[in-house]
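Enquirer: These protein sequence lines are chains X and H, in that order.
So the first sequence is numbered by the numbering used here: it starts at 21 and just counts up by one.
So the second sequence is numbered by the numbering used here: it starts at 228 and just counts up by one.
No lab work stands behind these hints: they were computed from the structure.
Among the clues, some could well be false.
Some but not every residue of chain X turned toward chain H, in silico, with C-beta under 8 angstroms [stated by the list, open to error]: (1) Glu50; (2) Leu51; (3) Trp55; (4) Tyr58; (5) Val87; (6) Val157; (7) Pro165; (8) Gly171; (9) Arg177.
Every residue gets a Cβ at the ideal spot worked out from N, C-alpha and C, and that includes glycine.
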Amino acid sequence: MNERISALMDGELDQSELGHNLKRLASDHELRNTWETYHLIGDALRGHAGQGYAAKVEARLADEPMVLAPKREHSSAQRAGWLGMSMAAGLAAVVLVAWMALPQTKQELPPPVATAPASTPAKVPATAVAAEVEDYVLAHQSFSPSGAMQGVATYVRTVSDEGGR
Amino acid sequence: MSAIRLPRQLLVLVAALLVSHWAEAQSDPAARQWLQRIYSATQKLSYTGTFVYYHDDQVETSRITRLVDASGPVEKLEALDGVPREVIRKGDEVVCYLPSTMTMKVDKLAGRKSFPAILPEQINGLSEYYVIRRGGVERVAGFPCQIIVLNPRDGMRYGHKLWADLHTGMLLRAKTFNERNEVMESFTFTQLQIGGNIERDRVRPQFAGKGREWHVENSGAELANLADAGWTLRAQPPGFRKITEMTRTLGGKPGVGHMVLSDGLAAMSVFIQSSAGSSAPPGLSRQGAISIYTRDLGNHRITVVGETPAESVRFIANAIEHRGP
Chain X
21 MNERISALMD
31 GELDQSELGH
41 NLKRLASDHE
51 LRNTWETYHL
61 IGDALRGHAG
71 QGYAAKVEAR
81 LADEPMVLAP
91 KREHSSAQRA
101 GWLGMSMAAG
111 LAAVVLVAWM
121 ALPQTKQELP
131 PPVATAPAST
141 PAKVPATAVA
151 AEVEDYVLAH
161 QSFSPSGAMQ
171 GVATYVRTVS
181 DEGGR
Chain H
228 MSAIRLPRQL
238 LVLVAALLVS
248 HWAEAQSDPA
258 ARQWLQRIYS
268 ATQKLSYTGT
278 FVYYHDDQVE
288 TSRITRLVDA
298 SGPVEKLEAL
308 DGVPREVIRK
318 GDEVVCYLPS
328 TMTMKVDKLA
338 GRKSFPAILP
348 EQINGLSEYY
358 VIRRGGVERV
368 AGFPCQIIVL
378 NPRDGMRYGH
388 KLWADLHTGM
398 LLRAKTFNER
408 NEVMESFTFT
418 QLQIGGNIER
428 DRVRPQFAGK
438 GREWHVENSG
448 AELANLADAG
458 WTLRAQPPGF
468 RKITEMTRTL
478 GGKPGVGHMV
488 LSDGLAAMSV
498 FIQSSAGSSA
508 PPGLSRQGAI
518 SIYTRDLGNH
528 RITVVGETPA
538 ESVRFIANAI
548 EHRGP
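Produce the complete structure using the sequences and hints provided.
Expert: This is the structure in structure tokens:
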């Protein structure tokens, strides 16, 4: 059947065959997938799979959450990661001390300026992200009613070993 | 116009009544009483035990101790795997000890109770968004437990399965499920002593008073009205209501807006801060049952964190708007 599809795509089928094959295509899900794949291959070969497809893949990827928990098994690479993390954490501590040394003034939420298009974010080390996320989760934790059921146990999320140390 | 509006309101009212009626019919009242038992057990009991936290194919073991005496409840959580870390909660104050960075994070909000009281009405209200029913009886850490299942009625919240000790009501295991019935995270006691003699030392921080330099990071949380600064929510996912709002210092940045919404079981926090110096890229991330969605709005960064599906945190993040004074 696959040759038929390719013939159909190339317009090589006669009238009667065309009707028959279109009908099969309409009723058969798998065939339609093949049809779409062939078109995709064709488009890619012609170099214009471009905008639509890439955008779709990108949108799909953007929809996938980043899981903030590296696997434990990979030892050496991860150890290097941890070293990076503790260095980053150390740096964060230095920054914190520097900040604490400055006179503290109570700030109002600054009003936003006219909306500027957000620039594409630069890639950042997972360590900084983890430290930031940890602060958010810690601040959030106290207000979750699930804490009223589980007590202080839910704070394990904020002192998780993979949380950035 | 008013002639049209009245029947529509009536229709909404009738629909709401039907829904709540249907909700009542589907939920098991005995299961709701079990939830009430769990909440009051958490407030009353003293205990010490070891539990396992599982998320994203990882397992971590911690020790937890809760002591209630004349001076009120004190709780301590100690990580038993990896670097020793501790969390101590007393009254309205939570302190995290992170020895690897010599950091002490202090979160205190004056007037906040360590355990917000859960009223029976709130538990009944839950059945509008979850089907609550009893499961069988299973043993956890040697204790026979009643299983209670909360199935969400929409995609805006996760499902929960709870195992509560038949005698005390104490929660011994909790699992959170997504819409595909996959476990997002779980807490399980492997060993537990309820009541009996628990020494005060077990809830004291082991790091305090060792004479080393600790960096204290204070949250400086203060109740605030974020609408005064122009920040409002255009819409909320069904069932989620704003429960409190404040400003706090977060990651060294003061004046971060923090708004909390809850459906009575799950909660979401909205953080509003200047986007300068934020390292996390905008987008979606996840840790166990916690979803995080970040986006930029003007020169502000909006971050929503909650033990809810991605859909809910994204909904809230997109519903935040700023109106100039």
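Enquirer: Next step is simple, just say for each hint if it's right about the structure.
Expert: Results for each hint:
The interface hint given for Glu50(X) is violated, since its Cβ lies 24 angstroms from the closest Cβ of chain H, which is over the 8 angstroms cut-off. Of the supplied interface hints, the one on Leu51(X) is violated, with its beta-carbon coming no nearer than about 28 angstroms to a beta-carbon of chain H, more than 8 angstroms. Evaluation of the Trp55(X) hint against chain H yields a violated restraint, the C-beta minimum of about 29 angstroms exceeding 8 angstroms. Nearest Cβ of chain H to the Cβ of Tyr58(X): about 31 angstroms, over the 8 angstroms cut. The hint is violated.
With a cut of 8 angstroms, the hint placing Val87(X) at the interface with chain H holds, because the nearest CB-to-CB distance is about 6 angstroms. The restraint placing Val157(X) at the interface with chain H holds, with a minimum CB-CB distance near 6 angstroms, inside the 8 angstroms limit. Residue-level restraint check for Pro165(X) holds (minimum Cβ-Cβ distance to chain H is 6 angstroms; threshold 8 angstroms). Look at Gly171(X): its Cβ gets to within about 5 angstroms of chain H, closer than 8 angstroms, so that hint holds up.
For Arg177(X), the shortest C-beta to C-beta distance to chain H is roughly 6 angstroms, which falls under 8 angstroms, so the interface hint holds.
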